[in-house]
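Trainee: The lines below spell out each chain.
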Amino acid sequence: MKNSILFVSISILTVLCSLVAPWWVIAPISFVVAYLGRMKSAAGFGVPFLAVFGTWLLAIYLKDNGVVAELMGKLLLLPNWSTPILSACLGGLVAGFFGLSGALFSYRRKTWVNG
Amino acid sequence: MQKVLGIISLIIGLGLVYFFNNSHTLGEKPIPPIGKLLNPFTGAWQNSEKSTDYSDFKLTSELIKEEVTIVFDDRMVPHIYAKNLQDALFAQGYVEAYHRLFQMDISTRSPDGKLAEILGPNLVEYDKKQRRLGLGFAADNALKGWNNFPEELKNIDAYTAGVNHFIDNLAPKDYPIEYKLLDFKPSSWTNRHSALLFKAMTQTLAGYENDIEMSNALRVFGKEDFSLIYPDRNPKDIPIAEGPYNYANERTDSFKGAITSLNLPSIQRPRSPDGVGSNNWAVSGSMSATGLPMLANDPHLGLSLPSVWYEIAITTPEFSAQGVTLLGMPGIMIGFNENIAWGETNVGHDVSDYYTVKWTDKSKTRYMLDGQQKKAGLKIEKILVKGEKVVFDTVRYTVWGPVVDDEANLALRWIAHDAAPTPEFLAFVNGMQCDNYDDYLKSTAAFYAPAQNFIYADNKNEIGIRINGSLPIKKYMQGVTITDGSRSENGWSGFIPRNANPQERNPKRGYVSSANQYSATEDYPYYYNGNFEPYRGRTVHKYLADKKVVDLTYMKAMQNSTYSMLAEEALAVMLPRLNGKASMHAYATELAKWDYHYDASSVAAVLFDRWFSTFHEMLWDEVYAQNKKVALPEPDYWVTVNMMESINTSKFYDVASTSKVESLDDLINQSFRVVMGLDRRTLSESKDAQILHLTRLPAFSEMELALGGTKYSLNAMQQKFGPSWRMIVLLGKTPEAYGTYPGGQSGNPASPFYKNRISTWAKGEYDRLVLARKSSEISTSLFTIHINHEK
Numbered sequence: 006m007k008n009s010i011l012f013v014s015i016s017i018l019t020v021l022c023s024l025v026a027p028w029w030v031i032a033p034i035s036f037v038v039a040y041l042g043r044m045k046s047a048a049g050f051g052v053p054f055l056a057v058f059g060t061w062l063l064a065i066y067l068k069d070n071g072v073v074a075e076l077m078g079k080l081l082l083l084p085n086w087s088t089p090i091l092s093a094c095l096g097g098l099v100a101g102f103f104g105l106s107g108a109l110f111s112y113r114r115k116t117w118v119n120g
Numbered sequence: 002m003q004k005v006l007g008i009i010s011l012i013i014g015l016g017l018v019y020f021f022n023n024s025h026t027l028g029e030k031p032i033p034p035i036g037k038l039l040n041p042f043t044g045a046w047q048n049s050e051k052s053t054d055y056s057d058f059k060l061t062s063e064l065i066k067e068e069v070t071i072v073f074d075d076r077m078v079p080h081i082y083a084k085n086l087q088d089a090l091f092a093q094g095y096v097e098a099y100h101r102l103f104q105m106d107i108s109t110r111s112p113d114g115k116l117a118e119i120l121g122p123n124l125v126e127y128d129k130k131q132r133r134l135g136l137g138f139a140a141d142n143a144l145k146g147w148n149n150f151p152e153e154l155k156n157i158d159a160y161t162a163g164v165n166h167f168i169d170n171l172a173p174k175d176y177p178i179e180y181k182l183l184d185f186k187p188s189s190w191t192n193r194h195s196a197l198l199f200k201a202m203t204q205t206l207a208g209y210e211n212d213i214e215m216s217n218a219l220r221v222f223g224k225e226d227f228s229l230i231y232p233d234r235n236p237k238d239i240p241i242a243e244g245p246y247n248y249a250n251e252r253t254d255s256f257k258g259a260i261t262s263l264n265l266p267s268i269q270r271p272r273s274p275d276g277v278g279s280n281n282w283a284v285s286g287s288m289s290a291t292g293l294p295m296l297a298n299d300p301h302l303g304l305s306l307p308s309v310w311y312e313i314a315i316t317t318p319e320f321s322a323q324g325v326t327l328l329g330m331p332g333i334m335i336g337f338n339e340n341i342a343w344g345e346t347n348v349g350h351d352v353s354d355y356y357t358v359k360w361t362d363k364s365k366t367r368y369m370l371d372g373q374q375k376k377a378g379l380k381i382e383k384i385l386v387k388g389e390k391v392v393f394d395t396v397r398y399t400v401w402g403p404v405v406d407d408e409a410n411l412a413l414r415w416i417a418h419d420a421a422p423t424p425e426f427l428a429f430v431n432g433m434q435c436d437n438y439d440d441y442l443k444s445t446a447a448f449y450a451p452a453q454n455f456i457y458a459d460n461k462n463e464i465g466i467r468i469n470g471s472l473p474i475k476k477y478m479q480g481v482t483i484t485d486g487s488r489s490e491n492g493w494s495g496f497i498p499r500n501a502n503p504q505e506r507n508p509k510r511g512y513v514s515s516a517n518q519y520s521a522t523e524d525y526p527y528y529y530n531g532n533f534e535p536y537r538g539r540t541v542h543k544y545l546a547d548k549k550v551v552d553l554t555y556m557k558a559m560q561n562s563t564y565s566m567l568a569e570e571a572l573a574v575m576l577p578r579l580n581g582k583a584s585m586h587a588y589a590t591e592l593a594k595w596d597y598h599y600d601a602s603s604v605a606a607v608l609f610d611r612w613f614s615t616f617h618e619m620l621w622d623e624v625y626a627q628n629k630k631v632a633l634p635e636p637d638y639w640v641t642v643n644m645m646e647s648i649n650t651s652k653f654y655d656v657a658s659t660s661k662v663e664s665l666d667d668l669i670n671q672s673f674r675v676v677m678g679l680d681r682r683t684l685s686e687s688k689d690a691q692i693l694h695l696t697r698l699p700a701f702s703e704m705e706l707a708l709g710g711t712k713y714s715l716n717a718m719q720q721k722f723g724p725s726w727r728m729i730v731l732l733g734k735t736p737e738a739y740g741t742y743p744g745g746q747s748g749n750p751a752s753p754f755y756k757n758r759i760s761t762w763a764k765g766e767y768d769r770l771v772l773a774r775k776s777s778e779i780s781t782s783l784f785t786i787h788i789n790h791e792k
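These protein sequence lines are chains X and A, in that order. One rule links them: number in this note's numbering = place in the first sequence (from 1) + 5. One rule links them: number in this note's numbering = place in the second sequence (from 1) + 1.
Only chain X is shown next, with the shape it has when bound in the complex:
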């Protein structure tokens, strides 16, 4: 349940902040949400990864009818279908590592507070 709420929070924050901030705003979002949400390390990577991956992939499919996917495919010498997924992975990875980091720092804080 907690992870679902954090998943949704990251997704919504990603959309809102990306309208005004550079693409790497997903890094601080993931870090802060994972930190404040006191995530476990596996979830700290997985939840932000999936949230940003999903948000980006959805945003790409809503905007592009395949033309940019094809251009990027030709440019990067990859199959056309793979470029939206590659893009989403790229965002997911950044979010994942920052989330993991946030989770690891919060995990330490929790143990310190508790005992």
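These are computed hints drawn from the structure, not numbers from a lab. You may find that some hints are simply not true.
[Claimed, not checked] Think about it this way: if two alpha-carbon atoms lie no more than 25 angstroms apart in a straight line, the pair counts; the simulated SDA-like pairs of lysine to any residue are: (1) A:51 to X:91; (2) A:51 to A:574; (3) A:688 to A:649; (4) A:237 to A:637; (5) A:51 to X:71; (6) A:59 to X:25; (7) X:7 to A:3; (8) X:79 to A:26; (9) A:548 to A:522; (10) X:68 to A:34; (11) A:174 to X:7; (12) X:79 to A:689; (13) X:45 to A:170; (14) A:51 to X:83; (15) X:68 to A:170; (16) A:712 to A:739; (17) X:79 to A:59; (18) A:4 to X:55; (19) X:79 to A:107; (20) A:174 to X:17; (21) X:68 to A:548; (22) X:79 to A:174; (23) X:79 to A:712; (24) A:237 to A:574; (25) X:79 to A:305; (26) A:174 to X:21; (27) A:186 to X:22; (28) X:79 to A:22; (29) X:45 to A:9; (30) X:68 to A:757.
Place chain A on chain X using the hints.
Mentor: Below, chain A alone, put in the same frame as chain X:
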């Protein structure tokens, strides 16, 4: 432990952000900032453009006086409706930036020598050369000239304001895709950018010269052989204006300032590319199916994506005009309005001459002129380089112009450096508003450079053509070779008076035409030389001279004709001289049956090209063998044809590397043996036409087009050059116009209008260009922009 892992994870995350947010190079391969490029909110995905995306919008500007409406028709051509000219030009600037911002940016950076700043160290040498040619200096001079015309300057100010209105309101997510890929930002537009574009055009069209090579040739071969290999003039040519010329001038004696003693290497210098050219013709009502004139124009420039041309229509209460323009310049260059049609082809006069510079010492700050020391102007060029340190270069300016090469110590006297007496853009801004020939002549009279053959036709049954531009007065052979720069008397002795520029108005033959051939006959009282086309001009005459009635279908067929007069003339000599086995060979039969048309499916065209070029190289082996040691110009193909037609014995027929003494027949038969060994391939199989994006990225280009044509046919399609715009206008009460170009209106590779017009163009078909005086006359529109005055 957690903390350590947390820090490691954070470092990896930061590393990824840094890597994804910046450009890199992997070996030689540039890696774009893929985070910026591939994120969905500001990356390339935002450039996706669907036909359902278009909707009307409004904008306001305090620089607009009254309301302007821009309606985009179903071909994405903007129709601008304004209450006054300046508002219309503001809108023109806006729509050009709206569709082609990156193109405008890159094509001004190129002459300005500012490509390394965005493309990296590989472009430093190119930038240096452009600055050495003084293109930026030329643009600065042009601006100084423009500033003397405050009233006319308002036109270009309005255009510039329109471009900037678009740039200033552009969010990073909407930057053209190339900015995201190359990771830079658009900068503000200025009038200087328009001047730079004019200079870039002058470089492409009037940057022709081969002074170093000709000097070498004159020394190596001596006068007599030189004039055989590199004759001054093709006797078969039919010039644009056939005279008589009633101008008071006597041709002067021979030029004495040529320098041929230096053995100079062919210095690298950006020049007019081979393949640039154009056709235009206008037939009068007496030979037109409609009873009123028809005009055709097809400029051949480098084919690129986006296309060099942009189609536009402009309507004010005073006029309504449509046609194409080069990006970055107000007005319409090739087009028509309700009453007239106009167009241009290039003039080949040599307006680019190299002068030797004699420095007084190694510091190269003073040089000798007329026995006196003169101080050179030093201009420090600062070249910014992406990812690397700034590069500095010192360019020395002499009385002739910039010193282009330090080793060769040559200065360039070039028409592009002059400040034109009136702004060049006026020819197009004023020309599009005319409704009679006298006004049109007046509007275009001051056009300075690059000189063009301005053609004209109207619905009052007038046709005309004028060689328009500043043409230097030269002595016989002046500027063919390098010139002695130590004497000021070796400079150009002024310019041909403008009313003495060759021209024709309603000539008896019933049509006017040009295809980059000589401007006038040898009776013309001024000497000129340069680079003139030997076959297309005569081909136009072949098609029109005995034709009684010309109609639209015929005009279209002419523009698309792949007939090569060179092939016909050469084969008339070559085929009958084949002997023995060669004359019976299947390829000989194939060539004998050939109609000299370079169709995409033609095998004979490939065979002929190979046969002729092999023959040409064997004939001029004296040139090609030495070419490795000393820089020499390549002899022209027409010289080869004329020679085989009229000279039976010549020492040049002998191939020096063999012990035998070859004859003309030997050369023809030996060169045919090379052809006999060829596989059967069609023209399109042997050379695919390409239309490359400005960045040359194959992803944004059209790589394989099966097209016919040759440099010498009216459809002058070569691999990367060709008819970049074809227009035909039938004048009448309302004009009936057709046009086609290999590209699309939008510069966005992700737009449905990026290359949608290529297939129509490739098929030799045309779009109907409908001049809509009112927006309600546009049958289908994609969207409308309303611009209002902001209080």
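Trainee: Please go over all the hints and tell whether each is borne out by the structure.
Mentor: Hints and how they fare:
no.	hint	verdict
1	A:51 to X:91	22 angstroms, holds
2	A:51 to A:574	57 angstroms, violated
3	A:688 to A:649	34 angstroms, violated
4	A:237 to A:637	14 angstroms, holds
5	A:51 to X:71	10 angstroms, holds
6	A:59 to X:25	23 angstroms, holds
7	X:7 to A:3	22 angstroms, holds
8	X:79 to A:26	19 angstroms, holds
9	A:548 to A:522	24 angstroms, holds
10	X:68 to A:34	21 angstroms, holds
11	A:174 to X:7	34 angstroms, violated
12	X:79 to A:689	20 angstroms, holds
13	X:45 to A:170	45 angstroms, violated
14	A:51 to X:83	23 angstroms, holds
15	X:68 to A:170	21 angstroms, holds
16	A:712 to A:739	23 angstroms, holds
17	X:79 to A:59	36 angstroms, violated
18	A:4 to X:55	24 angstroms, holds
19	X:79 to A:107	22 angstroms, holds
20	A:174 to X:17	19 angstroms, holds
21	X:68 to A:548	56 angstroms, violated
22	X:79 to A:174	22 angstroms, holds
23	X:79 to A:712	32 angstroms, violated
24	A:237 to A:574	16 angstroms, holds
25	X:79 to A:305	18 angstroms, holds
26	A:174 to X:21	15 angstroms, holds
27	A:186 to X:22	22 angstroms, holds
28	X:79 to A:22	21 angstroms, holds
29	X:45 to A:9	16 angstroms, holds
30	X:68 to A:757	21 angstroms, holds
Of the numbered hints listed earlier, those contradicted by the structure are 2, 3, 11, 13, 17, 21, 23.
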